[in-house]
Amino acid sequence: MSLNQEGVGRIARLARIELSAAESAATQDQLNDILGFIARLQAVDTTGIEPMAHAVDVVQRLRPDFITETDRRADFQAIAPEVEGGLYLVPKVIE
Amino acid sequence: MINASLKELSAALAQRKISAVELATLFLNRIERMNPTLNAFITTDRDKTLAQARCADEMRKVGADDAAAASSLHGIPLAHKDIFCTQGWRTTCGSKMLANFISPYDAHVVERFAAAGMVTLGKLNMDEFAMGSSNETSFFGAVKNPWDVSRVPGGSSGGSAAAIAARLAPAATGTDTGGSIRQPAALCGLTGLKPTYGVVSRYGMIAFASSLDQAGPMAKSAEDCALLLTAMAGFDTRDSTSLERPAEDYSRDLNQPLTGLKIGLPKEFFGAGMDNDVRAVVEAALDEYRKLGATTVAVSLPNSELSVPAYYVIAPAEASSNLSRFDGVRYGYRAPDYGDLADMYSKTRAQGFGAEVKRRILIGTYVLSHGYYDAYYLQAQKIRRLIAADFTEAFKQCDVIMGPTSPSVAFAFGAKNADPVQMYLSDIYTISTNLAGLPGMSLPCGFGNNNMPVGLQIIGRWFDETKMLNAAHQYQQVTDWHSRMPEGLA
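First to last, the protein sequences are chains A and B. Under the working numbering, the first sequence has 14 at position 14, and the numbering climbs by one with no breaks. Under the working numbering, the second sequence has 208 at position 208, and the numbering climbs by one with no breaks.
By construction, these hints were calculated from the structure, which means they are not laboratory data. Even glycine gets a Cβ: it sits at the ideal position worked out from N, Cα and C. Possibly wrong hints are sitting among the right ones.
Far from chain B by the CB rule (all over 10 Å, computed), these chain A residues [to be verified]:
no., residue
1, N4
2, Q5
3, A12
4, A25
5, D33
6, A53
7, D65
8, E84
9, G85
Beyond 10 Å from chain B on every Cβ pair, some chain A residues (computed) [unchecked claim]:
no., residue
10, E6
11, A21
12, I67
13, D71
14, G86
Straight-line distance between alpha carbons at most 27 Å, and here's what the computed DSSO-like set of lysine-lysine pairs gives [unchecked claim]:
no., chain 1, residue 1, chain 2, residue 2
15, B, K347, B, K267
16, B, K347, A, K92
17, B, K96, A, K92
18, B, K291, B, K467
19, B, K416, B, K96
20, B, K61, B, K7
Based on the sequences and whatever the hints tell you, model everything.
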């Protein structure tokens, strides 16, 4: 499976990364090199093998539903690009 | 002092031969002098460091029975890889995206070392978001290898490795997702350890591939690493994969004899991919182990050639998800000009991330996308289980596995830049350990071509860090590779 220009554009859109036309051509070659490299995985017979999602088999820990965090909104918003009145500002989404 | 072990520094501090302030000043002065050449540190702050050192000295004055002053690491300086959040210090992760990010909290590892009374020397350079094997992807410029400044220090913990090799810090933190502690340790001639997955909390450690990322110590010797790991390890509720296990003293078995130790040598680690100079030095190290009473046995890890391709599906998949948080809204970089919200995201991420990070996000997005998930991601996860099962089988015949850490000594800048796949293959011997979640370490075992250091890799059973450290320490009792330092840097 190799990616064409259209495919590269689709992936870049999904990943929310803008690519210029020049970058897009170079990216296509590099991604296809990497996809060629990982393609050898397809040849392996993995019938009946359970996927291993994690390095250790542990069950998600549960905890009582108590408030454990203090309110640090001001600290967290002090490092944001743009805030106003305790809200994060982004371009208008709904017209 | 710059060559002293942590134990020696600890004794000197306890006997008041030197103060924490004097010790920190000694290293800060070396950093000031040599960092312009080596570029190992991204951030230093003399006032903050000396304030911490003064505090350590004060605590010692107040009384030795005080818990902190009783810590064997109290007053000793160390530096943190810039992937660990440090409150009040910039935490960049080697990226333009976080170039001005000041974390509002400390990582668990940072808290642990602060509680032990250690003094922070600064934040160390690294490949951007830990994605790289040569430190050339850092937004802040490449780190130079102190053994030869025309060569890479390895990556991604290249700043950590270079700082210790040049004696700009006696110890450092690192992280290892596919070899990022062990490979730079090998290329710079030091000792570094990646613990079993889950032993050290990932809280406050900027995520790359969460099912593989693990923090560990980097220092001159196994003895030093054991002390550091004892301070770093431990259960933390804030990391959902942190393991609830009794606390361990990782120094406890350092002095055990190696008589009867069974060392497995995977035939796949001694094949054609390894350079001859590396092979000769690794073979000599194994002879030394036989003299120490160990025996070697041939083992096989038949799926190890699949480890790099499986890793380059799994790690980018997890990275594409983890790095979606960098969108210019809550922290970090935001593009100066944009149209609508989607345009702001796309421009912010296009400008804030470097080429290798973007490449991995795109690969990750692709393998997780509709129609490809089963063929790539699920298949890679199945192969991951085969790779882990290979180790289970091999460990039926041996106590530890040994081999080279890296197929070659440190390479020249630019040598592998143009070809991402060639760069990925420099982690061929380290990646399977991360996929299986096993502990691994690298220790210096001699010099190869152009007098560059070579690392011996030791892989242990799950949670068998003490056995690896024992094996490394005993070797370091009869060899002095770990105490060599680059010429001209005294």
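Tested hints:
For A:N4, the condition that its CB be more than 10 Å from all CB atoms of chain B holds, with the nearest at approximately 13 Å. Residue-level check passed: A:Q5 sits 13 Å from the nearest beta carbon of chain B, beyond 10 Å. Interface exclusion of A:A12 from chain B breaks down, the closest Cβ pair being 6 Å apart, not more than 10 Å. The non-interface label for A:A25 is consistent with chain B: the shortest C-beta to C-beta separation is roughly 14 Å, beyond 10 Å.
The Cβ of A:D33 sits about 6 Å from the closest Cβ of chain B, inside the 10 Å cut-off, so the non-interface label is violated. With 10 Å as the threshold on Cβ separation, the claim that A:A53 sits away from chain B is violated: the shortest Cβ distance comes to roughly 6 Å. No beta-carbon of chain B comes within 10 Å of the beta-carbon of A:D65; the shortest separation is about 14 Å. A:E84, annotated as away from the interface, keeps every beta carbon of chain B farther than 10 Å; the closest lies near 13 Å.
The Cβ of A:G85 sits about 16 Å from the closest Cβ of chain B, beyond the 10 Å cut-off, so the non-interface label holds. No Cβ of chain B approaches the Cβ of A:E6 within 10 Å, the least distance being about 13 Å, so the stated non-interface status holds. Distance check on A:A21: its Cβ is at least 13 Å (rounded) from any Cβ of chain B, clearing the 10 Å threshold; non-interface status holds. With a cut of 10 Å on Cβ distances, A:I67 stays outside the contact zone with chain B, its closest approach being about 14 Å.
Under the 10 Å C-beta cut-off, the non-interface status given to A:D71 relative to chain B holds; the minimum distance is some 12 Å. Distance to chain B confirms A:G86 as a non-interface residue, since its nearest Cβ pair spans about 13 Å, more than 10 Å. Straight-line distance between C-alpha atoms of B:K347 and B:K267 comes to about 48 Å, which puts the hinted pair past the 27 Å bound. A threshold of 27 Å between alpha carbons decides the hint, and for B:K347 with A:K92 the separation of about 16 Å falls inside it, so the pair holds.
The hinted pair formed by B:K96 and A:K92 meets the criterion: a straight-line CA distance of about 26 Å does not exceed 27 Å. For the suggested pair B:K291 and B:K467, the alpha carbons sit about 18 Å apart, so the restraint of at most 27 Å is met. Straight-line distance between C-alpha atoms of B:K416 and B:K96 comes to about 23 Å, which keeps the hinted pair within the 27 Å bound. Taking the CA atoms of B:K61 and B:K7, the gap is about 20 Å. The hint holds against a cut of 27 Å.
Hint check: violations occur at hints 3, 5, 6 and 15; the rest are consistent with the structure.
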